[in-house]
Amino acid sequence: MQTEVISVENLKSTALKVREHIIKMSTDGGCFVGASLSAADLIVYLYSEFLDITPENLDDPNRDYLFLSKGHDVPALYGTFAELGLIAPERLKNHLSVHDNIYWHPNTKIPGIEFHSGSLGHLPSIAIGVAMDIKIRGGNNKVVCITGDGELNEGTCWEAILVANAYQLDNLIFVVDRNHFQANMPTEELIPLEPLHDKFASFGASVRRIDGHDFDELHIAFSAFPFEKGKVNVVIADTVRGKGLPSIERRADRWFCNFTAAEVDDLLKELHGEHLTRLTSETLVVR
Amino acid sequence: MSYEELLTETALADERFIVMTAENRALVRNIPAKLGNRFIDTGITEQTMIGAAAGLALRGRIPIVHALASFLTMRAFEFLRTDAGIPNLPVKLSSFIPGFLSDGNGPTHQALEDISLMRGIPNMTVFAPADEDDLVKMLPQIWAYSRPSYVRINTRRADYIHAPFELGKAEVISIGDDVTIITYGLLFEQALIAVEILRREGLSVGLINLRSLKPVDERAVIEATRDSALTVTLEDHFQTGGLYSIVAEVLLKHGLTANVLPIALNERWFKPALLPAVLQHEGFTGKQIAEKILGYKTFYKQPEIMVPQFSE
Chain H
1 MQTEVISVEN
11 LKSTALKVRE
21 HIIKMSTDGG
31 CFVGASLSAA
41 DLIVYLYSEF
51 LDITPENLDD
61 PNRDYLFLSK
71 GHDVPALYGT
81 FAELGLIAPE
91 RLKNHLSVHD
101 NIYWHPNTKI
111 PGIEFHSGSL
121 GHLPSIAIGV
131 AMDIKIRGGN
141 NKVVCITGDG
151 ELNEGTCWEA
161 ILVANAYQLD
171 NLIFVVDRNH
181 FQANMPTEEL
191 IPLEPLHDKF
201 ASFGASVRRI
211 DGHDFDELHI
221 AFSAFPFEKG
231 KVNVVIADTV
241 RGKGLPSIER
251 RADRWFCNFT
261 AAEVDDLLKE
271 LHGEHLTRLT
281 SETLVVR
Chain F
1 MSYEELLTET
11 ALADERFIVM
21 TAENRALVRN
31 IPAKLGNRFI
41 DTGITEQTMI
51 GAAAGLALRG
61 RIPIVHALAS
71 FLTMRAFEFL
81 RTDAGIPNLP
91 VKLSSFIPGF
101 LSDGNGPTHQ
111 ALEDISLMRG
121 IPNMTVFAPA
131 DEDDLVKMLP
141 QIWAYSRPSY
151 VRINTRRADY
161 IHAPFELGKA
171 EVISIGDDVT
181 IITYGLLFEQ
191 ALIAVEILRR
201 EGLSVGLINL
211 RSLKPVDERA
221 VIEATRDSAL
231 TVTLEDHFQT
241 GGLYSIVAEV
251 LLKHGLTANV
261 LPIALNERWF
271 KPALLPAVLQ
281 HEGFTGKQIA
291 EKILGYKTFY
301 KQPEIMVPQF
311 SE
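Chains H and F, in that order, give the protein sequences. Counting from 1, one number per residue, gives the positions in the first sequence under my numbering. Counting from 1, one number per residue, gives the positions in the second sequence under my numbering.
Just chain H, same shape as in the assembly (with noise of 0.2 Å):
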């Protein structure tokens, strides 16, 4: 794939209205607003300029796919998906509804999602088998997984680099979506990951280190892909979890978010850069 002008522009202004949909869905039951700001920008460019998924392709078997394995980012994607055309944007508001499919975690009720997930370390084997019947086929289709960094704990995800490895699973990306976060305290502090690069490259992966903010990197690390032939490929994206809100980037404490509606507002007008929000709002709710 050759490195075509891409508008950082539109993508920074597709972004920022993803971020409002995730901020909107953090109240009445709330969200994993930290995760989901942290991939934001890593979706949003993945399906814009990255995958050939679109609206009217989600039937074809030569169609890429993406596989969101750590799950709690998915308001990110139904943001993405809202912008892109794939689910209507008024649907976001059935977030947590009895009467929708929107919720914490990914399900193939909503269009162009391919699995669900929710348990860790599921979808780097279900994204292998996807990429093994390709190969199998001679098809050309691309294979993304995201994964979060706490998911690394999972042994699965280590088995799966293994088998990826010795199927040669070139048409496979792993994505880190590095926010240095899991659950309640940052990576390093309780199972420490690095040296991740070093790490996944001596499963025999071709591994790529980009800012996961920054989409001149990830069109650069992308356009570059298969990285090498015969490796399986991995990206590890480092991010900042809340990325877009100051008061509540890189807090441990804000990792499931429930915020009141006037916060809520306080925050989109935050994100927009006019003040820091004053949190009044229970600071951790355990999911």
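For the record, the hints were derived by calculation from the structure and aren't laboratory data. Be careful, since some hints might not be right.
[Stated by the list, open to error] With beta-carbon atoms standing in for the labels, derived distance ranges:
hint: 1; chain 1: F; residue 1: ASN30; chain 2: H; residue 2: ASP214; range: 50 to 60 Å
hint: 2; chain 1: F; residue 1: ASN37; chain 2: H; residue 2: LEU58; range: 18 to 28 Å
hint: 3; chain 1: F; residue 1: ASN37; chain 2: H; residue 2: SER281; range: 23 to 33 Å
hint: 4; chain 1: F; residue 1: GLU9; chain 2: H; residue 2: PRO186; range: 54 to 64 Å
hint: 5; chain 1: H; residue 1: ASN101; chain 2: F; residue 2: ASN123; range: 14 to 24 Å
hint: 6; chain 1: F; residue 1: SER146; chain 2: H; residue 2: ASN94; range: 22 to 32 Å
hint: 7; chain 1: H; residue 1: PRO89; chain 2: F; residue 2: PRO215; range: 41 to 51 Å
hint: 8; chain 1: F; residue 1: GLU218; chain 2: H; residue 2: LEU96; range: 32 to 42 Å
hint: 9; chain 1: F; residue 1: ARG16; chain 2: H; residue 2: ASN94; range: 29 to 39 Å
hint: 10; chain 1: F; residue 1: ASP178; chain 2: H; residue 2: ASP100; range: 51 to 61 Å
hint: 11; chain 1: F; residue 1: ILE161; chain 2: H; residue 2: PRO55; range: 49 to 59 Å
By construction, the Cβ of each residue, glycine as well, lies at the ideal position given by its N, Cα and C atoms.
Chain H is already provided as a structure; the job is to place chain F on it using the hints.
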């Protein structure tokens, strides 16, 4: 026809089939050469294998998946439940050395709760053939069915020629007024011996090879318990969650009760040894089963029990 021959023939005739294993090749030794890239060995990774099988099924494939019963059902349980069960994908499990067939391996390899676990997964279907003849008669329909399935693979050769299989239907071998033995899998062979002894002792004896544990043949269970003074559930499984529980559930569902004697492993694993010694030690030979039902010792001779061909 052997299991491997049937699998090879099926997969060669229909390219939707993919044969997978978590490095358990005893049943599929010659398949790699015949199927090429439609044979996938993921190494000792039961969980990743099940996830990958679900991914292949998403793409329209029918993966036939092999691993030892204990690790397939328990190491990978959550993958089966979450990745095959929730989306109702046709992931076809071939479970190796279930129940007493793990003979000398020890308790790590004793899958004695597999039926219980697998039937607890919505959408999953569960089957246990009596021997190789039964196995090859059952598998084509099981593999053609759109749901995920769990099969206790049993490749033991036997002289018995089974009736054609109908999914969800038991094989009613005989009906009897005094006793009916309901069983599945490996112990069918011993049940035939027990039936013979009971008849010589003058009893009217029924025998059911259940075959399909989920969906279960409710009518066969109800008629057996209704028409016999005593029903015996015979299984190489923990007493909890297997056939005894299935019969209890069927009876309760229909507001019935019955006189039922469970012969199973009650809250214990079995003593590891070669299969004939296991059956003798645990009281599961045909002669011992008959004597348990009769309540007294007899002078019949227990026929020789064949040692399994495989062990891993």
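Each hint tested on the structure:
1. Between F/ASN30 and H/ASP214 the C-beta distance comes to about 53 Å, which sits within the given range of 50 to 60 Å.
2. Checked against the hint of 18 to 28 Å, the C-beta distance between F/ASN37 and H/LEU58 comes to roughly 27 Å, which is consistent with it.
3. At about 54 Å, the CB distance of F/ASN37 to H/SER281 disagrees with the hint of 23 to 33 Å.
4. Taking 54 to 64 Å as the suggested C-beta distance range, the pair F/GLU9 and H/PRO186 conforms, at roughly 56 Å.
5. Checked against the hint of 14 to 24 Å, the pair H/ASN101 and F/ASN123 passes, with Cβ atoms roughly 19 Å apart.
6. Look at F/SER146 against H/ASN94: about 31 Å separates their beta carbons, and that is inside 22 to 32 Å.
7. Between H/PRO89 and F/PRO215 the beta carbon distance is about 44 Å. The supplied range of 41 to 51 Å therefore holds.
8. Between F/GLU218 and H/LEU96 the CB atoms are about 40 Å apart, so this pair conforms to the stated range of 32 to 42 Å.
9. Against the hinted window of 29 to 39 Å, the Cβ-Cβ separation of F/ARG16 and H/ASN94 comes to about 37 Å, which satisfies the hint.
10. Checked against the hint of 51 to 61 Å, the C-beta distance between F/ASP178 and H/ASP100 comes to roughly 59 Å, which is consistent with it.
11. At about 56 Å, the CB distance of F/ILE161 to H/PRO55 agrees with the hint of 49 to 59 Å.
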